[in-house]
Each structure stands twice: as C-alpha cells, then as structure tokens.
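Chain by chain, the residues run as shown.
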Amino acid sequence: MNGIIEIKDVWKKFPMGKDRPGFKEFLVKLPQFLSGNSHSYFWALKRISFKIEQGECIGIIGKNGAGKSTLLSLILGTIYPTKGEIQVSQKITPLLELGAGFHPDLTGRENILINGVLLGLTKDEVMERIEAIIAFSEIKEFIDMPLRTYSTGMYLRLAFSVAIHTDPKLLLIDEILAVGDEAFQKKSKDALLHLIKGGATTIFVSHRMSAITEICHRALWLDGGEMRAEGIPEKIVEEYLRYSG
Amino acid sequence: MGEINRELRRNKDLLWLLTKKEITLKYKRTVLGILWSLLNPILLAIILFIAFKIFMRIKMENYTFFFLSALFPWNWFSASVTMSTGTLIGNVSLIKKIRFPRHFLVLATILAQLFNLILALPIIIGLSYFYGNGLGMSWFLIVPILVAIQFMVTTGICVAISMINAYFRDMEYIIGVVVSMLFWMTPIVYPLNMVPEAYRIYLILNPLTHLITAWRDLFMSNTINWGSIGISFGSSLIFFFLGLLVFQRLGKRLDEVL
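Chains R and V, in that order, give the protein sequences.
For the first sequence, the numbering used here begins at 1287 and goes up steadily by one.
For the second sequence, the numbering used here begins at 352 and goes up steadily by one.
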C-alpha cells in the first residue's frame, strides 16, 4: 500500500505581532521578518508525522486551537510548513468553508460555474453536471437570482452540492455535516458516506465524537499542536473524553 | 499527457471565468451595464475636446487625438496597478480555503482592464480617420504586440505590489502617489520634446515613455517605431521576471499576514 498523504516531521509556526507595529519597530524588525526569524511566534503544530493510505477515512479530534484546521490547510496546500515535508499525490476537494469562492452579486448558476472550476473541474465538466448540481441543492427556482437573496441554508446547500459533484478523490472536511434542514442533512450525509464508502480518501475534523466513531477508520488526537494519540476511533475518542472530562 | 492537457484547459477556463467575473461584477447592478465601458471613453473624448479645443485653445494640432492616443493605453496600466494592490488582501477566503494559482486573481484584474482599452479602440480609430491617416495595416500587427508587451510590464508590477501590499499595507497609498507621479513623468499630456533638455533624461529613463510613444506613433501616424518597441519589450521582460520572483518568494508566507 502506498501512502496518498505522507507527513514527515512537520512544524508550523505563526508570528505573533501587533497589528500596527509602528514605523521604528517595522524598520528594526524588517530584516528579521524577511529572514523568517521573528522573535514572537507560537508553534501551531509540532513534530507531526503520519501517513494516510488510499481509501482511508481519518478523523481528527482535539480542543479548539489544537491545530486541527492548520493541519488541514497544510495538507490542502494553502499554507506551507515551517519545517518538514508534506507529500500529497491526489487532487484535493476541500470542504473547509463551504462557498469560499462564492460572490453575493453573482447568480447561483454563475457561482456554480466558477466554483466548480476552482474546485478542480473544467468548464465543460461543470456544464455537464450543472443540472445535477442544481437538482441536488433543491433551489431550482432561485438559481438565476443573485446569491445575496439566498437564505443561509440555501447558500450552504448550493455550496455543498457543488463540492460533492466534483468527483472528489481526497476529501478534507471541517465540521460541515450539518447543512440545511433535517432532510437535507440526511441527504448530504448520505452523499458523503457514499463517497467515503466508494473509496475516497477522507480527512475529517469534528467535535462530534459520534460522527468520528461512526465514519472513520482511524482517529488522531491533537493537543496543543502535538499528536497525542493515534489509533482506532473508539479507543481514541474514549481517551479524549476521559481526559477532557 | 491527457491529464496535463486537461489541467491546461482548466487553468484557461479559470482565468477566463475570473476575468469575466471582474467585468460582470463591475456593472452588475447598473442600468446601462457593460455599455459603460464603451460610453466612458466617448464621454472622456468629448470632455477633453471641449476643454482643450474650445476653452484652452491649445496651439498643438489634433491635441485631443494626441492626448487620447496615450491616455487610453496609460489608463489600462494605471487602473490595473491601482486595483491590483487590493486584489490579494480582498480575496482572503478564496486564498485560504481553496488551492489555485493565486496570481490568476491579479491577471484577471489586468485582463478586465484590458477589456476597457479594447472598447476604447473604436474612438481611436474614429479619431484617426478624422485627424490622421486612418486605420493602417500596421495596426493589426503592432496592436497585439504592444498589448503583449504592456501586459508583461503590468503583470510584473501588479503581482509584486499586490503581494507586497499584504505584508506592508502602506503600499496602497504609496502606489497612489507613485502612479500620479508616473503620469507626469511619461509624455502623455505633453510631447517629449517640450520638456527642457536638461530634464528629458528622466523621462527617457522611464520605460513607460517608450511604450506610450510606440502606441502614439502607431495610432497617430501608422508608424511602427521599432526602437521604442524594442526598448519596451526588453524592459517588460525585466519587470515581468522580477515581479514573478517577488511574488513567488513572498507568497510562501502569505498565510501569516492575511
């Protein structure tokens, strides 16, 4: 088995500066900043190493600020590690923040097109699927209206629908199973489960332990930027719950 | 092989859609819509004609044509530079949540502005029939060349400042001043030979002088000024690669400052 994702001793630090450093401070710190040796920083992630195989579903748990989202962003490639190496050998479909590329003044249809391409399809491929996307989102009658007229639920349903129709091979999910009303939640969960069962590699961050134990094959517990434990979901979740009381 | 082809096509689609988004968003909630891009240069031409020909009575022949033949290409440059300072910091959620070539955002800004220049061309063509020799065959060769050259200079400058602005937000205000200074350091309002000889060197050192001269020579007299085109091309390469270098270097830590 070859790893789809290999993370080798990854560290990530963020600078902790004031919003407006002031001119003198700016000049003094400029060389430091440019060379990357800022004095005030904190380590969001420390010595993270793991491997994910094709078709695996990994759950990541931990308190707020434990580094879960940073880890997802590193795997996605929107941020770079300070130290260490990350190898990803698949196209990634992020479900980090639904509708990140949506624009309120464009219509639903225009947003589908631009987001489908941003998430990895060609324009023709989006056009082939556009009817399916609209049907899944259940907002056919509003599809040619600007997005700013949508309710939050409609907005999220459309965003989810676009993402799910991009043939994801590698899914990054950050707590989004609760989209729309009861019926749509079930529908979206079924669609995701269908993808995961169908062999899409998945990394899933959640605070809902039942979802982790239900879906995932393996769980990682992050604590203060470090990997605290790794193993079968039931065991890790139990440890985590006992620890956090 | 098929995969690489598909990726190329996807990037082309993405750039096109981002450009289209820029253009449609600009006029989305207006009544006249995209007509504004055509109307704007026409109204500008009428205003300048009244100001210079009727009020100021500038002695120079065809002054309105002289001014506009440089102003339209200049506007493509200055609008692109001014708008791209905010491009990266204005798309934080896109940059942080989706992985795609970030420089496409800047390229889309520049291409959307190019659209305005293209819609101003009919005015230039009209003026050339009215005052000059009319549309020449040379236009079909040189307009694309000059567009390509100017696209490279503008891209180099825009990607660099959009990135620097994320780290150093004062850039936006510096650029505002620098652009208006450049406007007067480039022979747009006046011809180069009107500048006293002692100071002319400063204008000649400005690469935009040569680019604007090449545009004007083409528009006003169908002249292909290979000298100016050559200098513009050479300097555009330097700006292009330097800009991309800055963009790539600073891009590695963009997430820390957005």
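By construction, these hints were calculated from the structure, which means they are not laboratory data.
Any given hint could be a false lead.
Away from chain V, derived, C-beta distances all over 10 Å, residues of chain R [to be verified]:
id : residue
1  : Tyr1366
2  : Lys1369
3  : Gln1376
4  : Glu1383
5  : Asp1391
6  : Glu1396
7  : Leu1407
8  : Thr1408
9  : Lys1409
10 : Ala1421
11 : Glu1424
12 : Leu1442
13 : Arg1514
Here are the computed lysine-lysine pairs in the DSSO-like style, where the Cα-Cα straight-line distance is at most 30 Å [said to hold, decoys possible]:
id : chain 1 : residue 1 : chain 2 : residue 2
14 : R       : Lys1377   : V       : Lys379
15 : V       : Lys363    : R       : Lys1426
16 : R       : Lys1369   : V       : Lys447
17 : V       : Lys447    : R       : Lys1473
Bear in mind the structure is a predicted one, so any value in this text is a computation, not a measurement.
In this text, a Cβ means the ideal position worked out from N, Cα and C, and glycines have one as well.
How the hints compare with the structure:
1. Tyr1366: Non-interface label fails for R/Tyr1366: nearest chain V Cβ at 5 Å, not farther than 10 Å.
2. Lys1369: holds, 13 Å
3. Gln1376: The assertion about R/Gln1376 holds, with a minimum of 12 Å to chain V.
4. Glu1383: Check fails; 5 Å does not lie beyond 10 Å.
5. Asp1391: violated, 5 Å
6. Glu1396: Contrary to the label, R/Glu1396 does not stay out of reach of chain V, its closest Cβ about 8 Å off (not over 10 Å).
7. Leu1407: violated, 7 Å
8. Thr1408: violated, 5 Å
9. Lys1409: violated, 4 Å
10. Ala1421: holds, 22 Å
11. Glu1424: R/Glu1424 clear of chain V: closest Cβ-Cβ about 24 Å, beyond 10 Å.
12. Leu1442: holds, 14 Å
13. Arg1514: holds, 25 Å
14. R/Lys1377 to V/Lys379: violated, 34 Å
15. V/Lys363 to R/Lys1426: holds, 29 Å
16. R/Lys1369 to V/Lys447: holds, 20 Å
17. V/Lys447 to R/Lys1473: Satisfied, since the Cα-Cα distance of roughly 28 Å is no more than 30 Å.
Checked against the numbered hints given earlier, this structure breaks hints 1, 4, 5, 6, 7, 8, 9 and 14; the rest are met.
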